[in-house]
Amino acid sequence: MKRLLLAALLPVIASIVGCNAFNIEADQPMACLTMPPQTFPVVAPSIPGAPGTFSGEIDLGISAVLPDFLVGGSPETHILNFQSLSVTLDGPPGASFVWLTGLEIVAQKGTTTPVLLVDYTPGSGTIGSTITANSLAPGQNLIAFLNNGGLAFSVSGTYDPRLFPSGATTWTGTITACFSAKVKKTFQEMIDGK
Amino acid sequence: MRLLPVLLAALIAAPSLAVAQTATPQAATPQVATPETGAPQDPAPPAPRREEPYPQFGLQLAIGAPDGAVLSFTYSPLYWLLLDAGFAYTLAPGFVLGLEFRPIDFFISPIIRGEYGYYFAGNTANQVKKWAGIPEAQWPLIGDASYNWFSGLVGVALGSRRGFTFALEGGIGALSLNVKGGTGTINNVVVTTGDYKVTSFMPVARLSFLYFF
Numbered sequence: 404m405k406r407l408l409l410a411a412l413l414p415v416i417a418s419i420v421g422c423n424a425f426n427i428e429a430d431q432p433m434a435c436l437t438m439p440p441q442t443f444p445v446v447a448p449s450i451p452g453a454p455g456t457f458s459g460e461i462d463l464g465i466s467a468v469l470p471d472f473l474v475g476g477s478p479e480t481h482i483l484n485f486q487s488l489s490v491t492l493d494g495p496p497g498a499s500f501v502w503l504t505g506l507e508i509v510a511q512k513g514t515t516t517p518v519l520l521v522d523y524t525p526g527s528g529t530i531g532s533t534i535t536a537n538s539l540a541p542g543q544n545l546i547a548f549l550n551n552g553g554l555a556f557s558v559s560g561t562y563d564p565r566l567f568p569s570g571a572t573t574w575t576g577t578i579t580a581c582f583s584a585k586v587k588k589t590f591q592e593m594i595d596g597k
Numbered sequence: 014m015r016l017l018p019v020l021l022a023a024l025i026a027a028p029s030l031a032v033a034q035t036a037t038p039q040a041a042t043p044q045v046a047t048p049e050t051g052a053p054q055d056p057a058p059p060a061p062r063r064e065e066p067y068p069q070f071g072l073q074l075a076i077g078a079p080d081g082a083v084l085s086f087t088y089s090p091l092y093w094l095l096l097d098a099g100f101a102y103t104l105a106p107g108f109v110l111g112l113e114f115r116p117i118d119f120f121i122s123p124i125i126r127g128e129y130g131y132y133f134a135g136n137t138a139n140q141v142k143k144w145a146g147i148p149e150a151q152w153p154l155i156g157d158a159s160y161n162w163f164s165g166l167v168g169v170a171l172g173s174r175r176g177f178t179f180a181l182e183g184g185i186g187a188l189s190l191n192v193k194g195g196t197g198t199i200n201n202v203v204v205t206t207g208d209y210k211v212t213s214f215m216p217v218a219r220l221s222f223l224y225f226f
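Protein chains in written order, with the numbering used here: chain X, 404 to 597; chain P, 14 to 226.
Calculated from the structure, these hints are not laboratory results.
Just to be clear, a hint being listed does not mean it is correct.
[Unchecked claim] Each computed DSS-like pair below joins lysine-lysine, with the alpha-carbon atoms no more than 25 Å apart: (1) P:Lys143 to X:Lys587; (2) X:Lys585 to P:Lys210; (3) P:Lys193 to X:Lys587; (4) P:Lys142 to X:Lys585; (5) X:Lys585 to P:Lys143; (6) X:Lys587 to P:Lys210; (7) P:Lys193 to X:Lys585; (8) P:Lys142 to X:Lys587.
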């Protein structure tokens with residue numbers, strides 16, 4: 404009889420002491436954020452023949468738009484990876500990125516070490532009004548940025564002034580950034596509110 | 014490592030099974046004295062006892078986590094083996110399939126059970142949004158949700174294998190919540206989420222009432 408009772412109690416005992424073994428894991432393979440159109444002022448080259456430049460910063464506000472259980476926590480339990488980016492040029496029909504010679508996206512905010520996410524150089528093919536680039540650091544966990552105030556993209560690039568629309572001093576584009584997120588917590592961590 | 018509690022429970026229960034199988038009591042044959050002689054005389058050989066067959070079909074009501082409430086039909090081809098299939102309802106309708114061993118035909122018997130359950134998409138997603146404290150603006154990002162699980166349980170059953178039994182079981186399980194993605198506009202940002210999955214390795218528990226007929 405004692406053995407039977409012990410056999411019945413074992414799972415209960417295991418459950419109580421096993422809070423570190425029991426866990427919950429959420430895996431969001433793709434979440435894409437499409438920002439409102441962003442305008443980037445361009446700086447014409449000071450030396451004839453040199454490329455022009457542009458730059459700007461976009462605060463993604465990820466913490467406000469993705470569920471907190473996915474992105475609100477420590478880097479030990481939460482992972483946020485940048486996967487890809489696309490930029491669509493806002494402009495008249497036929498407008499294209501033909502003038503674009505380079506685009507760089509760096510994740511940065513506060514004191515967190517910046518991470519280069521995209522270094523885009525147009526290929527030899529036809530360039531349309533949308534460019535897409537995959538992450539240079541798909542395994543880099545960006546959760547630390549959120550813990551330090553948020554994740555912002557620093558956008559910078561170069562353009563060919565001969566191909567850039569004459570008289571224009573800015574260009575406007577819609578940026579879509581895609582991320583994956585993963586969270587794994589033990590029951591003990593959930594009880595402790597981590 | 015995760016199977017350790019189940020294996021331990023099975024090992025501990027095993028000797029009891031052996032005892033139950035070997036210790037079948039022999040019926041004592043009483044010596045009867047005749048009134049004339051006072052000498053003991055062998056009675057007439059008893060009529061061979063006809064063993065009632067074990068009932069094979071039963072109806073079971075169970076409540077538990079993550080089972081919810083389950084009403085199932087049970088089939089027992091052998092007295093120690095039970096198969097059940099039932100309709101379940103918690104946040105949504107679903108079904109539960111079970112394979113159960115009750116190795117001892119006694120008032121109290123150990124149970125070893127394996128189970129698979131599936132809940133269709135119903136009200137699950139709405140409850141998840143509320144329980145997880147997700148702001149209403151983000152609700153469009155969470156579509157329909159269904160879940161399924163596998164579990165292994167051990168426990169005890171009290172009652173008669175030929176009638177009513179009550180069982181209490183506990184164990185471990187692997188649950189998978191499958192959530193459809195969605196699209197919503199939050200703070201002027203259009204957010205599109207793909208389908209995602211929440212899995213959990215968790216304790217499970219079950220309380221059941223079974224009636225064989």
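Going through the hints against the structure:
For the hint linking Lys143 of chain P to Lys587 of chain X, the alpha-carbon distance of about 20 Å falls within 25 Å, and the restraint holds. For the hint linking Lys585 of chain X to Lys210 of chain P, the alpha-carbon distance of about 10 Å falls within 25 Å, and the restraint holds. For the given pair, Lys193 of chain P sits about 20 Å from Lys587 of chain X by alpha-carbon distance, which is consistent with the 25 Å threshold. With a CA separation close to 18 Å, the supplied pair Lys142 of chain P and Lys585 of chain X stays within the 25 Å bound.
Distance check on the hinted pair: Lys585 of chain X and Lys143 of chain P sit about 21 Å apart at the alpha-carbon level, within 25 Å; holds. For the hint pairing Lys587 of chain X with Lys210 of chain P, the CA-to-CA distance comes to about 12 Å; that is within 25 Å, so the pair holds. Simply put, Lys193 of chain P and Lys585 of chain X have alpha-carbon atoms about 16 Å apart, close enough for the 25 Å limit, and the pair holds. Pair hint Lys142 of chain P plus Lys587 of chain X holds up; C-alpha atoms about 19 Å apart against a cutoff of 25 Å.
No hint from the list above goes unmet by this structure.
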